[in-house]
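Student: Single-letter residue listing:
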Amino acid sequence: MKKICIYGKGGIGKSTVVANTAVAMSMKGLKVAVVGCDPKADSTRCIMGKRIPTVLDCVLLGNKGEVAFKGFNDILCIESGGPQPGTGCAGRGIASALKEIRDRDLLSDRDAVIYDVLGDVVCGGFSTPLREEIADDVYLVTTADFMAMYAANNICKGIRHYAVTSGIRLAGIIYNSRSMRNDISLVEAFAGRVGTAVAGKIPMSSDISKAEIKRKTAVELFPDGDAASSFNALADYMLSGKAVRCIPEPVSDELLEELCLQNGTEF
Amino acid sequence: MRPSKSCMLFGSYHALNGIKDSVVLFHSVIGCNFGTLGPHFMNDMASIRQSSTVMSDREVIYGGESQIRKAVRLAKQLYSPRAVFVVSGCVPEITGDDIGGVCADLSSPECPVIYVPSPGFLKDEYSGYEDAGRILADLAEEGKECGGPCVNILGPAADDPRIDNDMNALRLMLGPQIRVNYVSSGCSFNDILCAGSAGLNIVIGRGTGMAERLKERFGTPYRVIDYPYGITGCDELCSAAEEAFGVDLSSVRTGFRQKTADSLEKAFSFIQGFYAMPAAVVADSARARGMERFLTRELGMDVCVRACREEMGDTEDTYDLIRGSEAAMIFGSGYEKPLAEVMEVPLIRMCYPVLDRVTLSGRSYAGVEGSVCLVEDMINETMAARNLKGGLYQ
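Chains as they are written, first to last, in this note's numbering: chain A, 1 to 267; chain B, 1001 to 1394.
Since the hints were derived computationally from the structure, they do not count as laboratory data. All figures in this text were calculated on a predicted structure; none of them were measured in a lab. Beta carbons: idealized from backbone N, C-alpha and C, even for Gly. You can trust all of the hints, since none of them are fake.
Chain A is faced by these chain B residues, among others (derived, beta-carbon under 7 Å): (1) D1057; (2) R1058; (3) I1061; (4) Y1062; (5) G1063.
For each label pair, taking beta carbons as the anchor points, the in silico distance ranges come out as: (6) A/G124 <-> B/G1101: 25 to 31 Å; (7) B/G1035 <-> A/G65: 36 to 42 Å; (8) A/P203 <-> B/F1121: 44 to 50 Å; (9) B/G1035 <-> A/R181: 55 to 61 Å; (10) B/L1074 <-> A/E133: 40 to 46 Å.
So these bits of chain B aren't anywhere near chain A, every CB distance computed over 12 Å: (11) F1041; (12) D1248; (13) F1268.
Go ahead and model the full structure; you've got the sequences and the hints to work with.
Tutor: This is the structure:
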């Protein structure tokens, strides 16, 4: 089973990458699962065409019923769920939900599982997918904006913390070109510095937003479009076994600033 | 590693549990309630005024504010309390429940709901006691009158062994000239509201947080004393009251000495046997110092180890000291029972917690009767010991 974990700054496009890549993998004949690890519980919306009950709602709030649902192309969709903003401990929620998923043995028949993890490695709870052998490969989604790169570098610190004592590795950077400046050079430079490579490039395509408003993925709705093509390529990369896996070497804040200046990020 | 003290939550509990018409509601996991309830149950199982929100994974993840609302409502129904003190544990202070906001929302003049932050990871039990005391001092109201010279006694806790008897003994010592208002080990919520009207705050070891705040708010002076064991303890307490109120308690002191001597005379030979006997004292600082003073000055004993829990690190280090000493008697809590058994020496249970004895009679360790009871226990425990009774017949 290929176990993949997607991290990145909030709003950077993680869920879009996860949903479209999952669909792309499923269309190659793989049995895929997507596990949303975000209290917003919207990672699987475009695969299911609707929101689904969450694991925590079912387990902790007494709402009996299933927690795993099959969506487009039999992709198994699970949302961990969590508290309302400003209350409780979402990190503990993620840890608790992942334990429940494991206890119920929901993923054992899958060829690939993709975890979509909230924003940043803000606490131990959001690091849960990095330990306990939940994921093998971590991909970071980023744009060419300084703050997105800053977050990616920060997440590298979290990955490194667990990578040195386990088999989890940073497997690549996914460049989302949806930003003020579409220039992959900075992301390539950053990927090289931390020890990996750019795994894929997501174009700024209207296919994605058109599909999302219809609760679909671009790969499903516009299979011949440029966005679908990039997600297919990304899926191939992830499954190829040729990803540049590493224990990341995060860069200093000063070096990151220098990289941004050298590679033409406009401020 | 055996920590010598507990966490902040225990300190808050000890500061609040003596308010007999109020409820302590732990907003925490179940263990906080269980841990505090054990020693209290041994002390007074007829007066259980504590409860818990019993936080589980659900409250950790989704927040426990609704559970506080539910628990406060149930506590009001069950106990009809004058006030509810919501004592927070570690978990909600990490997850960030808005406990203060909920308490303010649930509070009313008839039944204030008071938030007492007590995350165990933040401070130890002694700091927790002081912080809770400051909160209590802030509840004291202006303009209350208690009529005549009046003192508050801060420091003792409701679950200290024989504490009600000891405090009654202190009342007898000071009265009728000086009235005792608020006593931290047993009082009403109204006593706290009136705490600002006292002319003196007597702090027995801990309680300086509340005393300082009362001084800031009402100008009330305070005096820190050791636990008033024996004649010297009585003298210290009476001196503090005499200085504060300009009264003469010499007749109290004289009577104390005479009554003590009359009672102890019957066992004078045994008491002589205590002379130069080595002993170890392990207790909170007020009791440890007060007991050391009594044993050395009044019985001529040799306190070879005096350990104050506030200052101790690993309890095992203290026990090593005691094991390596000549101590023929240990004064401490129920925790020291295994040590005393191994050393085959008597244990005098004089401080919290005591889990293997109940006190149903009026026996105290403070005041005239207290001195007699204490010496009586020392003699009897020594005679009951396997190896050391010969020491009494020197």
